[in-house]
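Number of protein chains: 2
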Amino acid sequence: MADTETDLLRSSLDLLVLKALGWGPMHGYGISEWVEGATASLLLLEEGTLYPALHRLERRGWITSEWGVSDNNRRAKFYRLTTAGRARFRAQAPLWHRHAEAIAVALRRTSLETA
Amino acid sequence: MADTETDLLRSSLDLLVLKALGWGPMHGYGISEWVEGATASLLLLEEGTLYPALHRLERRGWITSEWGVSDNNRRAKFYRLTTAGRARFRAQAPLWHRHAEAIAVALRRTSLETA
DNA sequence: TACCCTCCCTTGTGTCACAAGGGAAGGCAC
DNA sequence: GTGCCTTCCCTTGTGACACAAGGGAGGGTA
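Residue numbers (numbering that gives the first Met the number 0), protein chains in the order written: chain A, 0 to 114; chain B, 0 to 114.
Don't take every hint at face value.
[Said to hold, decoys possible] Label-pair distances were calculated between CB atoms; the ranges are:
#1 A:E46 to B:T63: 40 to 50 Å
#2 A:R107 to B:T82: 19 to 29 Å
#3 A:R89 to B:R59: 34 to 44 Å
To be clear, the hints were calculated from the coordinates, so they are not data collected in a lab. Just so you know, even glycine gets a beta-carbon here, dropped at the ideal spot from N, CA and C.
Take the sequences, apply the hints, and build the full model.
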């Protein structure tokens with residue numbers, strides 16, 4: 000049974016990852032930490048969600064990857080936003096806001112409160 | 000390839016239907032018109048989306064149905080909110096708003112703009 | 001040595017929006 | 001009455017994807 004959180008993540012996962020990488024190259028673990036922090040722990044990225052998403056974004060050319068070494072001296076794959084990825088974010092983020100706002104408005108019209 | 004609109008709908012479809020029925024009993028066609036109107040046509044309910052959703056909500060006990068006659072003198076199945084459905088809406092709607100807001104905030108932090 | 005944390009990945013499962021199909025019946029123009 | 005549009009209901013097949021649950025490896029610390 001799909002819940003609200005899962006599907007909201009589904010609607011914004013790509014954007015959140017692109018946004019995270021807008022701050023600079025980052026490895027998967029770092030991205031998941033960024034998302035958790037940026038959403039006050041309301042959204043948690045499971046690994047089985049995150050890594051397929053990263054591969055998907057890479058296949059589509061929004062990001063590229065490169066092996067490196069993390070701050071903790073561990074082997075890590077660093078992802079970096081491509082020009083196309085940046086453009087993608089700039090094009091899609093406003094759409095997300097517009098649609099989310101439209102839904103928010105629809106859900107708020109007073110009706111149930113009067114019952 | 001899933002797009003923003005589809006997944007935002009996915010996250011809010013049940014709530015939108017429950018909300019529509021908060022205004023009173025309505026048939027499927029009417030619900031889809033209500034959603035279209037309430038979201039400024041940003042969200043369109045395909046029939047292959049709407050009817051399975053209605054049956055799903057009915058199975059879960061949030062709504063009940065009854066055959067009747069529409070304003071246009073046509074056979075129509077009218078859906079009505081149950082007490083459980085009303086409670087469901089009141090419990091879930093705030094969660095939707097909370098999570099959507101958290102994502103909105105995360106997506107807005109200035110970073111890409113500086114590149 | 002033992003354990004936790006960081007970091008990467010995969011397979012299987014279930015859910016679901018959507019496209020594309022079908023059907024029936026009212027109203028209206030000609 | 002014939003044709004067509006609109007309203008109203010439904011189903012099947014398909015693809016996409018979050019998640020749970022698994023596995024692995026290496027660093028740090030006690």
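Hint-by-hint comparison with the structure:
Evaluation of the 40 to 50 Å hint for E46 (chain A) and T63 (chain B) yields a pass: the beta carbon distance comes to about 41 Å. For the hinted restraint 19 to 29 Å between R107 (chain A) and T82 (chain B), the CB-CB distance of approximately 22 Å keeps it satisfied. In this structure, R89 (chain A) and R59 (chain B) meet the distance hint of 34 to 44 Å, their C-beta atoms being roughly 39 Å apart.
Of the hints listed earlier, there is not a single one the structure fails to meet.
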